[in-house]
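Enquirer: Each chain, letter by letter, is given below.
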Amino acid sequence: MKTRLAIPLAAVLAAALLVTFPLWSSPWETSRYATTILQSMLVVAILALSLDLLVGSAGMPSLGHAAYFGAGAYAAAIAGQRLGNDDLVLGLGAAILVSALLALAIGAVAVRASGIFFLMLTLAFAQMVFAIAFQAADITGGSNGFSGVRRPTFAGLDFNDATALFHLVALVFLLVLLLIWRIRSSAYGRALVGLRENERRMRALGYDTTRLRLSAFVVAGAIAGIGGALQAYSIRFVSPNDVGVARSVEAFVSVLIGGVGTLLGPVIGAVVVVFIERVMDSYIAFADTVLGLVFIVFVLTARQGIVGLVRVAYARVRA
Amino acid sequence: MTPETAVVQALNGISFGALLFILAAGLSLIFGMMDVVNLAHGAFYMLGAYITLTVVQQTGQFWPALLLAPLLIGAFGFVIEPLLLRRLRGRHLDQVLLTIGVSLVIADVVGLTWGREIRSIPFPAGLDHAVTIMGGDYPAYRLFVIAFGVALAVLLAVVHGRTRVGALIRAGVDDAPMLAALGVDIDRLFAVTFAVGAALAGLAGVIAAPVFGIYPGMDVDYLIYSLVVVVVGGLGTLSGAMAGASLIGPVDTFGKVLFPEFALALIFAVMALVLLLRPTGLLGRIRVAR
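Chains as they are written, first to last, in the numbering used here: chain B, 1 to 319; chain V, 320 to 609.
These aren't lab readings, by the way, just hints derived from the structure by calculation.
Beta carbons are placed, not taken as given, at the ideal position from N, Cα and C, and that holds for glycine.
One thing to keep in mind: the hints can contain errors.
[Stated by the list, open to error] Computed spacing ranges between beta-carbons, pair by pair:
no. : chain 1 : residue 1 : chain 2 : residue 2 : range
1   : V       : ARG606    : B       : ARG303    : 26 to 36 Å
2   : B       : ASP138    : V       : THR324    : 20 to 30 Å
3   : B       : ALA105    : V       : ARG483    : 44 to 54 Å
4   : V       : GLY480    : B       : ASN144    : 27 to 37 Å
5   : B       : VAL193    : V       : LEU390    : 31 to 41 Å
6   : B       : SER186    : V       : VAL484    : 39 to 49 Å
7   : V       : MET320    : B       : ASN144    : 22 to 32 Å
8   : V       : THR324    : B       : THR163    : 33 to 43 Å
9   : B       : SER185    : V       : GLY480    : 20 to 30 Å
[Said to hold, decoys possible] Some but not every residue of chain V turned toward chain B, in silico, with C-beta under 10 Å:
no. : residue
10  : VAL326
11  : ALA591
12  : ARG604
[Unchecked claim] Which residues of chain V face chain B? A partial, calculated answer using Cβ under 7 Å:
no. : residue
13  : VAL356
14  : LEU372
15  : VAL375
16  : GLY379
17  : LEU423
18  : VAL424
19  : LEU431
20  : LEU446
21  : ASP447
22  : VAL450
23  : ILE543
24  : LEU546
25  : VAL547
26  : LEU585
27  : PHE587
28  : ALA608
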């Protein structure tokens with residue numbers, strides 16, 4: 001009974017501490033540097049969580065997940081500019097719609113492949129989206145990027161305020177975490193794991209596996225799009241890099257370092273990756289080399305990621 | 320489009336296709352033998368171009384790079400395979416993930432070593448003139464790229480079809496475990512295959528350097544080109560790489576002239592179409608998609 005209550009209580013406490021971070025950190029964190037970094041960690045965590053629905057649950061290694069993240073970022077930015085309306089629901093709605101439709105179009109071809117071939121196709125099609133973002137300069141700003149993204153408002157709240165924006169990002173992150181947790185424990189989530197474990201048997205059980213794979217691809221794409229919209233609001237800028245291979249790799253590395261197929265793994269991975277790429281990068285010139293080497297070490301020696309390592313250590317302590 | 324520009328663009332397309340063949344042949348060789356899609360292939364290509372830059376800067380000569388870069392990159396591949404990939408043999412997806420890490424490191428080291436701006440080198444001595452074609456000037460070096468690509472294709476086809484090494488490769492592509500059971504040193508064969516594949520990527524980088532640019536991000540651009548070529552042509556076979564490169568080179572080149580707004584997306588549309596109509600690629604045996 002004691003532990004049953006302890007875990008939810010700890011979770012609620014952690015969530016409250018996270019959302020209120022700008023408030024209790026303000027005395028010692030006047031420059032707001034840590035808040036900014038934490039905010040980008042949360043955005044990358046949303047991207048990684050959505051990717052792990054594919055990589056971890058369904059066994060679909062997508063190396064082009066930034067395409068849907070970037071599509072969401074562009075959609076939120078463009079919706080704010082073109083519709084002359086800064087309503088948050090409108091911006092997030094546009095992001096979800098556009099990234100889901102894009103995932104549907106690309107997924108229709110890509111989910112016919114699996115394993116390494118799926119990885120190749122998702123990578124290649126993401127580069128197509130990058131090319132479109134690059135060339136459709138009238139809409140996206142092309143290589144200059146889309147600057148001056150308008151920040152949203154919602155029910156009297158104005159997210160031009162940095163603290164309010166952090167609350168928004170943290171809250172959406174928690175909702176996404178909750179959603180992924182629900183999906184993973186639902187019948188649908190178990191069906192995805194069935195795909196990973198034995199797709200032929202799933203077919204024999206009467207599942208339309210191609211459709212199931214496509215639905216996972218669309219759901220993951222839509223969630224990535226939410227992350228993209230928050231990114232656009234955070235830095236008020238979208239560029240083809242948000243759709244690019246480097247960001248897709250960033251998400252994939254986060255998932256793998258943190259722990260494939262675990263709830264918190266992608267979050268921990270995102271924290272590590274953003275730390276290397278944004279914090280270490282200010283001190284050393286070779287942050288990407290560090291990231292590459294860390295990734296290689298994890299693939300070679302700890303494929304189960306940080307969460308897996310912790311589980312093994314915990315089991316040893318208890319035994 | 321006038322007949323003159325059509326001919327010039329056709330030559331541009333064919334020379335780009337020849338380059339893509341050199342690049343994709345290495346990717347396809349490694350996949351055929353080891354079932355690993357080497358995602359560091361673009362990084363090896365980039366390394367080839369930047370080594371060429373240094374050779375030209377230091378010696379004022381282009382031609383030494385044609386030998387030096389593939390040798391160095393091949394040697395690197397020969398070390399990387401046993402050091403990293405061999406530890407995960409049989410786990411093909413994990414091996415592919417390893418090559419992502421290798422690619423990250425190489426691209427970063429190239430940026431640190433050579434800087435992160437666009438570089439260029441002149442056409443090599445002897446090929447820095449123009450040839451008159453249809454009344455206009457056409458760079459001789461591009462014709463050399465075509466000749467080099469064709470010569471390499473013939474050479475590889477002969478090695479593949481007529482020599483003992485070729486027989487080993489064909490056997491390995493068909494059934495590597497069986498080959499190992501027959502007493503062939505499969506570890507060495509895999510290391511050599513990976514080295515040759517890497518060297519081919521490096522060679523493509525050398526050939527490309529004077530015309531197709533030396534810039535950060537070229538690793539990703541050309542990795543994607545080579546993936547599209549092998550998916551369209553057929554994975555794991557030399558003829559697939561030829562077919563894919565012969566199609567994608569001209570399609571990409573003409574696309575940029577005829578529909579500049581869609582040009583960069585065109586080859587992906589072609590790839591999607593081929594996958595839907597022929598999931599094995601044009602000349603492949605392996606089904607990429609259902």
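Enquirer: Evaluate each hint against the coordinates.
Expert: Each hint tested on the structure:
Between V/ARG606 and B/ARG303, the C-beta spacing of about 27 Å keeps the proposed range 26 to 36 Å intact. Checked against the hint of 20 to 30 Å, the C-beta distance between B/ASP138 and V/THR324 comes to roughly 27 Å, which is consistent with it. Separated by about 48 Å at the C-beta atoms, B/ALA105 and V/ARG483 satisfy the suggested range of 44 to 54 Å. At about 51 Å, the beta-carbon gap between V/GLY480 and B/ASN144 misses the expected band of 27 to 37 Å.
For the pair B/VAL193 and V/LEU390, the beta carbons lie near 48 Å from each other, so the given range of 31 to 41 Å is not met. Taking the beta carbon of each, B/SER186 and V/VAL484 are about 54 Å apart, not inside 39 to 49 Å as hinted. A hinted range of 22 to 32 Å for the beta carbons of V/MET320 and B/ASN144 is consistent with their spacing of about 31 Å. A beta carbon spacing of about 59 Å between V/THR324 and B/THR163 contradicts the range 33 to 43 Å that was offered as a hint.
At about 56 Å, the CB distance of B/SER185 to V/GLY480 disagrees with the hint of 20 to 30 Å. Interface hint status for V/VAL326: violated, as the beta-carbon distance to the closest one in chain B is roughly 27 Å, over 10 Å. The criterion of a C-beta within 10 Å of any C-beta in chain B is met by V/ALA591, whose closest approach is roughly 5 Å, and the hint holds. Taking 10 Å as the C-beta contact cut-off toward chain B, the hint placing V/ARG604 at the interface is violated, the least distance being around 14 Å.
With a cut of 7 Å, the hint placing V/VAL356 at the interface with chain B holds, because the nearest CB-to-CB distance is about 5 Å. Of the supplied interface hints, the one on V/LEU372 is violated, with its beta-carbon coming no nearer than about 20 Å to a beta-carbon of chain B, more than 7 Å. Because the beta carbon of V/VAL375 sits about 25 Å from the nearest beta carbon in chain B, more than 7 Å, this interface hint is broken. Using the Cβ-Cβ criterion of 7 Å, the hint placing V/GLY379 at the interface with chain B is not satisfied: the shortest such distance is roughly 30 Å.
The interface hint given for V/LEU423 holds, since its Cβ lies 3 Å from the closest Cβ of chain B, which is under the 7 Å cut-off. Contact between V/VAL424 and chain B, as hinted, is supported at the beta carbon level, the nearest pair being about 4 Å apart and thus within 7 Å. With a cut of 7 Å, the hint placing V/LEU431 at the interface with chain B holds, because the nearest CB-to-CB distance is about 6 Å. About 31 Å separates the beta-carbon of V/LEU446 from the nearest beta-carbon of chain B, more than 7 Å, and the hint is not met.
Checking V/ASP447 against chain B: minimum C-beta separation of about 31 Å lies over 7 Å; hint violated. With a cut of 7 Å, the hint placing V/VAL450 at the interface with chain B is violated, because the nearest CB-to-CB distance is about 32 Å. For V/ILE543, the suggested interface contact is upheld, since its CB lies about 5 Å from the closest CB of chain B, less than 7 Å. Checking V/LEU546 against chain B: minimum C-beta separation of about 5 Å stays under 7 Å; hint holds.
Using the Cβ-Cβ criterion of 7 Å, the hint placing V/VAL547 at the interface with chain B is satisfied: the shortest such distance is roughly 6 Å. Against a cut-off of 7 Å between C-beta atoms, the interface hint on V/LEU585 is violated, since the closest Cβ of chain B lies about 9 Å away. Using the Cβ-Cβ criterion of 7 Å, the hint placing V/PHE587 at the interface with chain B is satisfied: the shortest such distance is roughly 4 Å. Satisfaction of the interface hint for V/ALA608 is found here, the shortest Cβ-Cβ separation to chain B being roughly 4 Å, below the 7 Å cut-off.
Taken one by one, the earlier hints fail for this structure at numbers 4, 5, 6, 8, 9, 10, 12, 14, 15, 16, 20, 21, 22 and 26, listed in ascending order.
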